[in-house]
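A.B. asks: Sequence:
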Amino acid sequence: MRAFSLLMLATAAIAATVTAPTRHGRQKGRRQNGGGGAYEQEHATYDDACNIGFCSVWGATIGGWGAEYQFVKTLDQFSAAVSGTNEGVIIVDGTITGDNARVEIGSSKSIVGTPGSSLTGITLSLNSSRNVIVRNLKISKPPGDAIVLENARSIWIDHNEISSVPDGSHLLSITRGSDYTTVTHNRFFDFAHPTNAAVSVGHSDNNAAQDQDKLHVTFARNHFSNVTSAISFRYGTGHLFNSLYEGLKLGIETRTNADLFVESSIFNGPIEVSDVIYTSRNVWEIGYASAKDLIINLATYTTGGGRVAPDSLLSHDNIGYPYDWYFWETSRVKESVAKWAGQTLEFLVWE
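Mind the numbering: the sequence shown is residues -15 to -1, 1 to 336 in mature numbering (1 follows the signal peptide of the UniProt record, and there is no 0), read in order.
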């Protein structure tokens, strides 16, 4: 059994911009500096496939690519369009309001919001769903968790704005053996619950039979603001980069055999350095993490990981990621994420 110990972030603060070198994952995957021309996206199509992170491998996540577009304006239209396993491209066009509604999302769906569209009072449930894309939606005031993944696979959650869930709920939960998920360019905000994280990966310390060797999740270019605690991660493998965390007290909790790599991200107060990445003090709940190139309360740290149990086998080189990725230099993260995260896409439609 691995024991808990305290690993503080490196004490030297570096004023200059840190440009991380290119490093190679185990047999697969390359980390490449995007530099001044880092990836930014404003225009998209309704048929876009996942092109980043874990949802881009092990069977591409293409959603309902090629299906006829269905524009929906009511809850009944929306619920009918997203059900079943036939390919579908469902476009939310306007404000759809539910009364404590829970909508089951079938497989092979692209669910996309037009600029200004929103879902209010609705939970999106992806239970055993496969190959689903959820993009450019504003989701608020659901009856429970805003988006729930249970035993789901190949999922892309991109460019959404998610807020205002009831006590005891999450803005996003990825649980019960879900796998190969990417969460990018989202805004998670207005989450002030003292005991829950805004985003939960894995729901129980006693669910190894279902979660072990699954829960592969990439988080990139997300904006967390005014949340008490950002992410709790159990069991799986997480890759978290180029995100902006503001106004939080707790950052990323790694627990119960989770393996995380956190890089090129910014954390702004009132968070303490030791609470940026942390794990349980109970030896049976310990998680693992390594970190590189973080800016915490305006100070730059090149290595470290907060209250994290050290593990000589845990590093980027040993985890290995089966995809290439481009990253922004940490000094550019705040400006870029603040500009592009959330419902910022405009869609090109080919006649």
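Some clues are possibly wrong.
[What the hints assert, rightly or not] DEER-style ranges, computed between Cβ atoms:
| no. | residue 1 | residue 2 | range |
| --- | --- | --- | --- |
| 1 | Phe56 | Glu89 | 16 to 22 Å |
| 2 | Asn112 | Phe56 | 23 to 29 Å |
| 3 | Asn191 | Ala284 | 37 to 43 Å |
What the hints contain is simulated information worked out from the structure, not anything from laboratory work. Nothing here was measured: the structure is a model prediction, and the numbers come from that model. Note that CB positions come from ideal geometry on N, CA and C, so glycine has one too.
A.B. asks: Taking the numbered hints from earlier one at a time, note which ones the structure violates and give those numbers from smallest to largest.
C.D. replies: Violated hints: none; all satisfied.
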